[in-house]
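Residue numbering for the sequence shown follows numbering that gives the first Met the number 0, beginning at 0 and increasing consecutively.
Heads up, some of the hints might be wrong.
[Said to hold, decoys possible] DEER-style ranges, computed between Cβ atoms:
{"id": "1", "residue 1": "125", "residue 2": "73", "range": "18 to 24 Å"}
{"id": "2", "residue 1": "77", "residue 2": "44", "range": "35 to 41 Å"}
{"id": "3", "residue 1": "125", "residue 2": "42", "range": "16 to 22 Å"}
{"id": "4", "residue 1": "91", "residue 2": "150", "range": "26 to 32 Å"}
{"id": "5", "residue 1": "52", "residue 2": "93", "range": "15 to 21 Å"}
{"id": "6", "residue 1": "87", "residue 2": "28", "range": "41 to 47 Å"}
No lab work stands behind these hints: they were computed from the structure. Quantities reported herein were computed from a predicted structural model and do not represent experimental measurements. Note that beta-carbon positions come from the ideal geometry of N, C-alpha and C, so glycine has one too.
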Amino acid sequence: MKKVMMFLASLGVVVGLNGCGGGGGDSGGYVPPAVTYYFQTYNPQFDIYEPVADVYYECGPDIVGYTTPNGAFTMIEGDSCTFYDLDYTLSYEYDLLYIGANVVGDVGVANIRYDCDSGISDTTDELGTFVFDPEYISSISDGDVCGFQFQF
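Make the full structure from the sequences, and use the hints.
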């Protein structure tokens with residue numbers, strides 16, 4: 000009888016502790032969606048926004064890559080992103096680039112805080128415009144490096 004009682008007590012402890020420990024479970028919390036924005040320049044001759052391809056970027060802790068041929072870059076909503084090697088070859092307007100919400104550039108991503116290694120800091124305007132120093136060369140980049148905080 001004593002052995003049966005010890006077994007049942009041990010079984011109760013095992014069952015009771017079964018839900019403890021480990022942190023790999025789903026907390027049921029909100030997971031922000033991935034979003035795609037577009038790195039662009041404005042061509043005043045044709046009055047259109049054009050993609051800026053092959054710009055190296057890092058978003059959040061996990062996303063690194065180059066903007067695609069249509070200027071797209073992907074991030075998780077709320078991430079911070081850094082763009083490297085920003086120089087005069089990327090823009091028709093010398094020191095202006097744009098972050099668009101769509102591929103044609105008629106909707107900008109506004110009110111995004113950015114800080115560049117060159118010392119330029121501001122927020123994007125309603126067109127998604129940001130200013131950078133196209134002649135700045137840092138120790139880690141052949142052009143300006145600008146970081147954006149996409150906290151909405």
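Verification of the supplied hints:
no., hint, verdict
1, 125 with 73: 18 to 24 Å, "holds, 23 Å"
2, 77 with 44: 35 to 41 Å, "holds, 37 Å"
3, 125 with 42: 16 to 22 Å, "holds, 19 Å"
4, 91 with 150: 26 to 32 Å, "holds, 30 Å"
5, 52 with 93: 15 to 21 Å, "holds, 19 Å"
6, 87 with 28: 41 to 47 Å, "holds, 44 Å"
Hint check: no violations occur; every hint is consistent with the structure.
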